[in-house]
Amino acid sequence: MNDDSGIPLSNIVKYHGKSVASLLVEIGESKLLQEKWLSFIKQLECLSIDEKSRDGTKLIRHKINAFEKQDYVALSYTWDNSDHENPEKGKYKVETRDKYPRFLPSPVRDCIFDRVFLFMRAKGLHKLWIDRHCVRQRTCKTKGTCLHNRCKEKQRAIETMDLVYSLSKQPVALLGRPIEWEHELDLFFRILTGKLVEELSRTKHDEILQALSLLSRITKDRWWTRAWTFQEDYRGRPSMTLLIRHPQFLEAKKQDYGIFDNVPNELCIKAVCFSQASTDFCHAIPDELTQRDDVSHHTKHILGVAGKYTQLLDVKMPMTPKVIDDIQRRSLRDAWDKLAIIANCCQYNIRMDPQHMKEPKSLSISILAMCILNGEILVNESREDRSSMLEKTMPQFLEEQAFKEFCAPKSQRDLTFNKGCRFVSVEITPIGIKTKGHLWKLDRIIDTSSFRLPPPEAKKRPCSVAENEQRRLAYLATELRRLHETTLAMHIERFLNYDHTRPDENFENEKFSVWYMRIMAEELAAAIEKGKLLRLGRIWNSQISENPCSAIFIWDSNSTENIDIKGLCNAVSNSVVPMI
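Here the sequence shown is numbered in UniProt numbering, starting from 1 and rising by one per residue.
Since no wrong hints were added, every one of them can be taken at face value.
What follows is a list of derived Cβ distance ranges for each label pair:
| no. | residue 1 | residue 2 | range |
| --- | --- | --- | --- |
| 1 | G420 | A122 | 34 to 40 Å |
| 2 | N11 | L32 | 24 to 30 Å |
| 3 | R482 | P286 | 55 to 61 Å |
| 4 | S411 | R237 | 18 to 24 Å |
| 5 | P286 | D353 | 50 to 56 Å |
| 6 | H283 | S425 | 38 to 44 Å |
| 7 | K18 | D186 | 55 to 61 Å |
| 8 | M520 | G17 | 45 to 51 Å |
| 9 | R482 | L32 | 50 to 56 Å |
Hints are computed from structural coordinates only; laboratory data are not their basis. Everything numeric in this text was worked out from a predicted model, so none of it was measured. Quick reminder that beta carbons are idealized off the backbone N, C-alpha and C, glycines included.
Build out the structure end to end from the sequences listed, making use of the hints.
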């Protein structure tokens, strides 16, 4: 069973003769702490045209430190040609890595090099990173990890490849399917600029269907179907540029529109702009139209392939289930590469040891184990009928069980912040997930709507929060002292009196702990302004003596206030996340 990620968990359990929990424990023993192969990035191989060659088809190798020099093109393309591309190859010769280098014909299609070098000339760029030549390809076919240096190098490069795209200032994706006619270009322009959405109430249904059909054709390009290109796009954003070919007779019209850049015979579109415009358009279509089978078929496909996560997901949700589901729906030569792709996209430190993976292991359970070991939070609720969860596939199970009540600070990007909310030092045990962290015992509630007295004068402090926020926090500190919560009061006063910026107005070099304290202080001040409830908390321990309160939680006024705090604490402290 090579790829079982589309199979219900019950079938996987039956096939292996073990419960999901047993399989997770077994696979969890094959975890590795993965460190990016930084020397691969510091000595990143790139190609450039040999200026000495007469016809400009000889490509020579260079090494750059991509942490310092990022003006290279990181190319995203499909190794297999589409029906709209010329499959000819061999025009370009690439320098070998031999002691005495030779130039050998490239197996990459000529049209790929032609297009990317046209883009590079228009942008004044000289260095190209392309996986086919900049990652060693000649390796053994041995399952798992081979001991040959070249095989180990390739595996480590695959695990680090996402950095090539995230560091590049010019990641570029080549789509094979072209825009062929003037009416397509006109329609595409109106979609991307939002004009079609603005005019939707006055637009004929046939034209809406034409626009959906155009977006469907673009997103059915082979580039959108591959898992590796998903990683390249995901990690290359927001800089990733899509290139779509067009015939010469559309060049003048394209230039007149002024949004497609100046690369001859190519439309250049930022991938984020394409996703945004496509999502906006699909969401703007009237309800009476979305009920039509042809319309719903198009919108489902477009949003499934190119939908913008920030518009598809609720702000309280994690992105991981969506990322895994999107990768799952794309094709791969080796399905087990999903482990590396998911880990790269989700930026996991814990990987599964490839030497112990593959058959007879389960790919689905391996992915689930990797998610759990990297701290993804699952819902910890008892279920009357847990067997129903076994009828779901792994992506469906993860979507169902993922924790969906994150609350990001207003100053942060919600989904990006949620992605960083994970357990640490996770172990998988036969009875559940074991992790480390603080266990808080809830204490008194403070009603900030009763803060009626004029706030004390806040001295002009070198603090990183605004002056009105300082006043609210200063008043809270005074109130805490009145309640004999001196530890918390001192923490707030120390925060207000400490220069967090040094130099002021420059947060670029801010430490994580200082940054986090600052955004939490902003949230706390905003809660006081709105008169919300605050709840104090102390680190719980099993000793008789209690720790002083050292945390403040913004409390939901809808929550019951008559909570048996001791019972709650004991219930939490003895719980584990159950595994089916």
